[in-house]
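Participant: With the numbering used here applied, the sequence shown covers 360 to 610.
Wrong hints could be hidden among the right ones.
Unchecked claim - Label pairs and their computed distance ranges (CB to CB):
id, residue 1, residue 2, range
1, HIS431, ARG495, 22 to 28 Å
2, ARG495, ARG413, 38 to 44 Å
3, GLN439, ARG470, 16 to 22 Å
If you're looking for bench data, these hints aren't it; they were derived computationally from the structure.
Note that beta-carbon positions come from the ideal geometry of N, C-alpha and C, so glycine has one too.
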Amino acid sequence: PAAVVRAWSPAAVPARACVRSGTGSARAAAASERAARTAAPEFFADLVRAVVARDRGRVSQWERWNEPDHPHSWSGGLDQYVRLILEPGADVVRTEAPECSVLLGGLADHRNLALIHRAGGASLYDVASVHHYPSRASVRHVRRAVNHVRSVAGDEGRPDRGPRAVWLTECGIASRPPTIPGSFGGTTDEPVQARFVRSLYATVEAEAIFLYQLRDTTIFDCHGRKLKEVYWGLTTSDSSRRKAAFATYRD
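With the hints as extra help, turn the sequences into a complete structure.
Facilitator: Below you can see the structure in the form of structure tokens.
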């Protein structure tokens with residue numbers, strides 16, 4: 360473990376100790392999946408301990424992984440996620456920085472929270488985190504997903520601390536189709552994207568909502584080759600033009 364810690368550098372460990380700041384003073388950070396894969400799973404607690412020690416006082420919420428229910432982020436089962444990531448990560452945060460909260464890794468499918476609880480994870484997080492990308496420019500299904508997560512999360516595993524907060528840590532809709540068609544998420548036009556953003560923040564009852572994303576982006580493959588352009592942003596990719604949704608989000 361000591362060797363693992365000494366091998367870190369800002370370039371080698373993009374430890375998503377990154378810190379999402381969409382909630383004002385609250386910040387969330389996640390230990391890097393890539394860093395964790397460089398060593399045996401039992402070293403994960405050492406990774407978390409070192410990052411928490413390094414950033415204590417600057418980070419108040421620690422997210423344990425990203426989309427552990429999706430194979431692009433986690434190739435094991437949710438029971439393995441609970442045992443290898445959530446439990447050791449939560450134990451370290453609660454021991455080394457008890458003033459901080461533990462976020463569940465943002466779920467790609469809100470229905471999988473029940474499986475996390477079934478695997479023994481109910482007492483191992485303080486804030487439920489979920490992602491939702493509607494197929495149409497309507498927040499109806501977003502509200503349904505957040506409400507479902509709240510009903511499952513409740514106060515199970517922490518009856519003395521009250522119901523958990525629910526964070527919607529990724530949500531958005533593209534203002535035009537990607538340059539290569541795909542089945543992920545919905546597309547619309549810029550005026551409707553702006554109305555979607557307004558409705559999202561006005562009607563979805565989550566304690567924090569993170570909009571995906573600030574700028575349109577280019578997607579690259581693992582070899583650095585350009586795959587496609589995507590248009591989820593509030594501005595164009597070079598920030599030269601703000602879409603209607605930018606003003607809506609700012610207001």
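Participant: Please name the hints from earlier in the document that this structure breaks, with their numbers sorted from lowest to highest.
Facilitator: none
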